[in-house]
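Novice: Full structure from sequences and hints, please.
4 protein chains.
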Amino acid sequence: MSTKEQLVNFFKNEFPQVNFTIEHAGEKSATIRKKICHEHLRPGGTVSGPVMMEVADTALYVAILAEIGLVALTVTTNLNINFLRKPSAEKDIIADCRLIKVGKSLVIGEVSIFSEGDPEPVAHATGTYAIPPVRSSESK
Amino acid sequence: MSTKEQLVNFFKNEFPQVNFTIEHAGEKSATIRKKICHEHLRPGGTVSGPVMMEVADTALYVAILAEIGLVALTVTTNLNINFLRKPSAEKDIIADCRLIKVGKSLVIGEVSIFSEGDPEPVAHATGTYAIPPVRSSESK
Amino acid sequence: MSTKEQLVNFFKNEFPQVNFTIEHAGEKSATIRKKICHEHLRPGGTVSGPVMMEVADTALYVAILAEIGLVALTVTTNLNINFLRKPSAEKDIIADCRLIKVGKSLVIGEVSIFSEGDPEPVAHATGTYAIPPVRSSESK
Amino acid sequence: MSTKEQLVNFFKNEFPQVNFTIEHAGEKSATIRKKICHEHLRPGGTVSGPVMMEVADTALYVAILAEIGLVALTVTTNLNINFLRKPSAEKDIIADCRLIKVGKSLVIGEVSIFSEGDPEPVAHATGTYAIPPVRSSESK
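Chains as they are written, first to last, in the numbering used here: chain B, 1 to 140; chain D, 1 to 140; chain Y, 1 to 140; chain Z, 1 to 140.
Check the hints yourself; a few may be wrong.
A pair counts as met if it fits within one copy or between any two copies, since identical chains are not told apart.
DSBU-like, lysine-lysine: derived pairs with alpha carbons at most 35 Å apart [unchecked claim]:
hint : residue 1 : residue 2
1    : Lys12     : Lys101
2    : Lys104    : Lys91
3    : Lys12     : Lys28
4    : Lys104    : Lys12
Just so you know, these hints were derived from the structure itself, not from any lab.
Specialist: Written out as structure tokens, the structure reads:
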């Protein structure tokens with residue numbers, strides 16, 4: 001298990017280009033926040049789909065690392081996302097992740113994504129991460 | 001239907017921040033290429049998942065606009081992606097999209113994503129776009 | 001909107017071969033129960049995947065019909081299911097559906113599936129239904 | 001690797017209730033056929049979604065067992081299906097599966113589903129199966 005502080009340091013060092021804030025991490029869940037800038041927008045004044053996919057993927061990753069420790073090579077194997085409503089161009093994006101299975105080799109979670117202040121989700125995702133097998137020499 | 005030239009201009013004007021090349025567009029299919037730079041990489045020297053999701057989404061969008069014309073407000077409603085192999089950090093990413101249904105309100109396609117030069121796909125996606133209904137005043 | 005009684009009659013008449021009980025329907029949600037028999041099992045004493053897919057699809061359909069009325073021709077356009085744990089061969093399967101978007105032409109929901117008595121889900125699905133457009137002559 | 005004959009015997013013994021024919025199996029692919037009867041139909045004279053999900057899942061399973069041998073406990077972890085067109089109530093359903101990754105622990109494939117005689121697919125699915133780890137005593 002990782003604390004929020006360990007996670008914040010991990011992301012600062014390993015993923016300096018990914019720009020988000022961890023609001024909560026632990027108990028098989030995580031909440032992250034992403035500030036929306038001009039570069040994240042699309043015609044019609046909405047947040048781009050790929051930005052929301054990145055936020056969904058990141059929220060899953062944060063919840064998983066909080067649960068299993070800082071296993072950097074844990075990788076996404078599947079992500080399924082439904083886009084539900086047009087996100088606001090002026091509000092932060094908030095992603096709430098809940099892990100629904102933490103297995104030895106696969107972890108599965110679901111993520112609800114919101115424009116801050118609106119209770120109706122703008123997107124919903126489910127994703128699977130694979131945890132690399134521990135080699136015998138590492139397991140000691 | 002849009003020509004490749006119309007599509008290139010459309011993306012240059014409407015999505016200047018999305019950086020890719022259209023290799024082919026038409027006949028319910030599209031092939032696009034994305035040059036991979038340092039900002040697209042992840043620990044372990046691989047291309048990030050969100051970059052591949054963006055490429056999948058973009059390849060679908062190009063194939064759809066080639067088929068139905070430049071309907072900018074066409075939006076992704078669902079994207080499902082499986083990550084299959086570690087992409088090369090030094091090769092361009094190539095995405096091949098094939099539309100499997102072009103309906104009046106929904107278009108569905110599948111995308112195979114490759115690291116250039118390797119015949120085994122690094123990811124595979126299926127996605128759905130919704131086409132906004134034509135208002136009566138526009139249909140004349 | 002349909003009442004539970006209207007839904008029970010609708011399924012008895014239109015889908016006599018689908019065998020399940022509606023425990024709850026309404027407020028953008030539904031809970032259904034399926035009795036598991038020998039024909040639903042697989043080697044290893046577990047409930048087959050297709051049975052769980054059918055239950056997920058049916059729970060969505062019940063929640064949608066409760067919300068929009070008895071529109072029989074509403075059809076599934078996408079279903080994504082993650083299998084999480086081995087269901088019990090001796091327990092009923094319970095599916096809890098929650099609609100996350102009710103639009104004019106698309107309805108999207110998520111379903112958690114349980115073996116009765118176990119709080120950990122055995123599967124989780126998200127699905128999209130398309131509602132056929134109302135023809136002018138019918139909308140009066 | 002399993003031959004078509006071994007697969008036919010395996011399904012006859014292990015899954016007697018699943019009713020389909022193997023047309024082809026091998027080279028990371030499989031084609032199966034399902035005869036459509038009254039019990040598989042829905043209002044409007046179409047094949048039910050769950051029948052197509054079962055066919056997709058089965059085609060994946062056949063292709064995988066043809067590739068890795070008769071590992072009965074191999075299980076579906078994810079299935080994503082898009083319903084594209086109304087299948088014919090009078091034609092057999094044909095499912096063509098192609099494996100896109102055969103890993104040590106995960107196998108991923110895609111399936112195109114047809115009403116016999118129509119070149120346009122009625123559905124398209126992608127699915128993931130997990131292969132149980134070989135215990136040391138079995139690997140010798």
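Novice: Now tell me if each hint is right for this structure.
Specialist: Structure-based check of all given hints:
{"no.": "1", "hint": "Lys12 <-> Lys101", "in the structure": "both (27 Å within a copy, 33 Å between copies)"}
{"no.": "2", "hint": "Lys104 <-> Lys91", "in the structure": "between (37 Å within a copy, 25 Å between copies)"}
{"no.": "3", "hint": "Lys12 <-> Lys28", "in the structure": "within (22 Å within a copy, 41 Å between copies)"}
{"no.": "4", "hint": "Lys104 <-> Lys12", "in the structure": "both (27 Å within a copy, 33 Å between copies)"}
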